[in-house]
Structures are given as structure tokens and as C-alpha cells.
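Hey, can you work out the whole structure from these sequences and the hints?
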Amino acid sequence: MDQTPVFLSMQPKRTLNLRGETTVNGRNTSNSTNRVTASLAVSASGLKLKPMLMAKALQQSCTLMHSLPISAHLQRQNCRHRASLRAIPPGCTGLVQPIDVGVGKPFKDRVRQKWIEWMMQQDAEAPVTTNASRADCAAWVAERWRNLPQSILKNSWRKSGFSWFPADVDDSEDADAEIADVDFADAEVADVAVADAAE
Numbered sequence: 000m001d002q003t004p005v006f007l008s009m010q011p012k013r014t015l016n017l018r019g020e021t022t023v024n025g026r027n028t029s030n031s032t033n034r035v036t037a038s039l040a041v042s043a044s045g046l047k048l049k050p051m052l053m054a055k056a057l058q059q060s061c062t063l064m065h066s067l068p069i070s071a072h073l074q075r076q077n078c079r080h081r082a083s084l085r086a087i088p089p090g091c092t093g094l095v096q097p098i099d100v101g102v103g104k105p106f107k108d109r110v111r112q113k114w115i116e117w118m119m120q121q122d123a124e125a126p127v128t129t130n131a132s133r134a135d136c137a138a139w140v141a142e143r144w145r146n147l148p149q150s151i152l153k154n155s156w157r158k159s160g161f162s163w164f165p166a167d168v169d170d171s172e173d174a175d176a177e178i179a180d181v182d183f184a185d186a187e188v189a190d191v192a193v194a195d196a197a198e
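Residue numbers for the sequence shown follow numbering that gives the first Met the number 0, so the first one is 0 and each next one is one higher.
Rather than coming from a laboratory, the hints here were simulated on the basis of the structure.
Computed from a prediction, not measured in an experiment: that's the story for all the values here.
Every residue gets a Cβ at the ideal spot worked out from N, C-alpha and C, and that includes glycine.
Honestly, I wouldn't trust all of these hints.
[Unchecked claim] Distance condition first, Cα-Cα at most 25 angstroms in a straight line; then the derived DSS-like pairs of lysine-lysine:
#	residue 1	residue 2
1	Lys55	Lys107
2	Lys104	Lys55
3	Lys158	Lys55
4	Lys107	Lys158
5	Lys49	Lys104
6	Lys49	Lys158
7	Lys47	Lys104
8	Lys47	Lys107
9	Lys158	Lys47
10	Lys55	Lys113
11	Lys104	Lys158
[Claimed, not checked] The calculated label-pair distances, taken between Cβ atoms and stated as ranges, are:
#	residue 1	residue 2	range
12	Arg85	Arg18	46 to 56 angstroms
13	Gln121	His80	23 to 33 angstroms
14	Arg75	Gln121	28 to 38 angstroms
15	Asp122	Gln74	51 to 61 angstroms
16	His72	Asn16	55 to 65 angstroms
17	Glu124	Pro88	44 to 54 angstroms
18	Thr129	Pro4	53 to 63 angstroms
19	Thr129	Ala82	42 to 52 angstroms
20	Met51	Asn16	20 to 30 angstroms
21	Asp122	Arg75	55 to 65 angstroms
Given below as C-alpha cells:
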């Protein structure tokens, strides 16, 4: 599981124009810093859990935090499900966490493609357009997460070094993994669903 930002405005960093032109026009949105955070989770078997989106809200909700990173309750629960926990050293998640290693970029590229399609449908005469709504962004994230090929997920686990998939198996023909009907709010249910899928 990992979080990644999804911007509501994803302008390209380059433009294309004829050589010798003095002005290069580019379309822009009203605020290019609005974003949501997508929490993505995938098991080693390729089971994708529903993505959870977080955005700024008017009121801060209370959250109970524990000082220990892994409580005894979670350790017992993981032992029951025959899951082993491995702590990732600070600053190394980009090297060993499967979402960082091989899922984040393909996913964000696919979401950005949906944003480009949306932007092409906007008023071509307006120099500044409005941002995509959070509902638009949620629909793009859900669709692109659902259609992300399982081969990308398995290869990210292989590259991270935590995979139980044989290296010589070709997954290019695999069907897309189904998204489990599990919410992140109830971690115990999510653990059970992942353990059941692995068996």
C-alpha cells in the first residue's frame, strides 16, 4: 500500500509549435496545485483493493495515533494470517515498495491520459479553464486502477524482491485482476480478504 498525489490539473512541461514563432500559446487551468491523494494497495497475488482518495476538507477529523509503528495487536493478527512484516528503512521505499517500484508511474500516466482527454473537451477559446472536479478525478482513478494490467502488478512485486512469482512466467496474457470489494477503513476485513485470495 502506498499513497501518491493525483493533481486535478496536469499540464505538460513542454509545448509544440512551429520554429520561429515568437509566441507559444498554452492552455492553463485556474489552479494547478489542487490535488487529491490516492491510496493504492495490491497484494502479492495481484489482488487490487479499492483505491481510497483523500482531499483537503473544511473540518479536521480526529485521528487516534499510536506511538509504536507496529502494535502487538497487528503482530498477532498477521501471525494468524501467516503474513510476515518487514520494516522498510527510511528513504528506501522507492527501491523496495511495489507501488513505488512499478505501479505508480504507469498508473499516473494513465490517469494523466484521462485528464488530457477531458482537457481536449473544454472550451478551446478560453485561455484559462477550470480545474477538473474531484468527482472527475475519482472516476479517472477508479477506471484506470480497474484497467491496470495484472502483469504490471506482478512485475512490480518481482522487481521489489518480495515476490513469490516465478521469474520465468510470462504474465502478458493475464486478465486484469478484479478489485476486491474491501474498504480501507476496516483493516481487519482487508487483511482477511487478502489472506483468502492468496489461498
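Q: Report the numbers of all earlier hints that the structure fails to satisfy, in ascending order.
A: Of the numbered hints, 3, 13, 14, 18, 20 do not hold.
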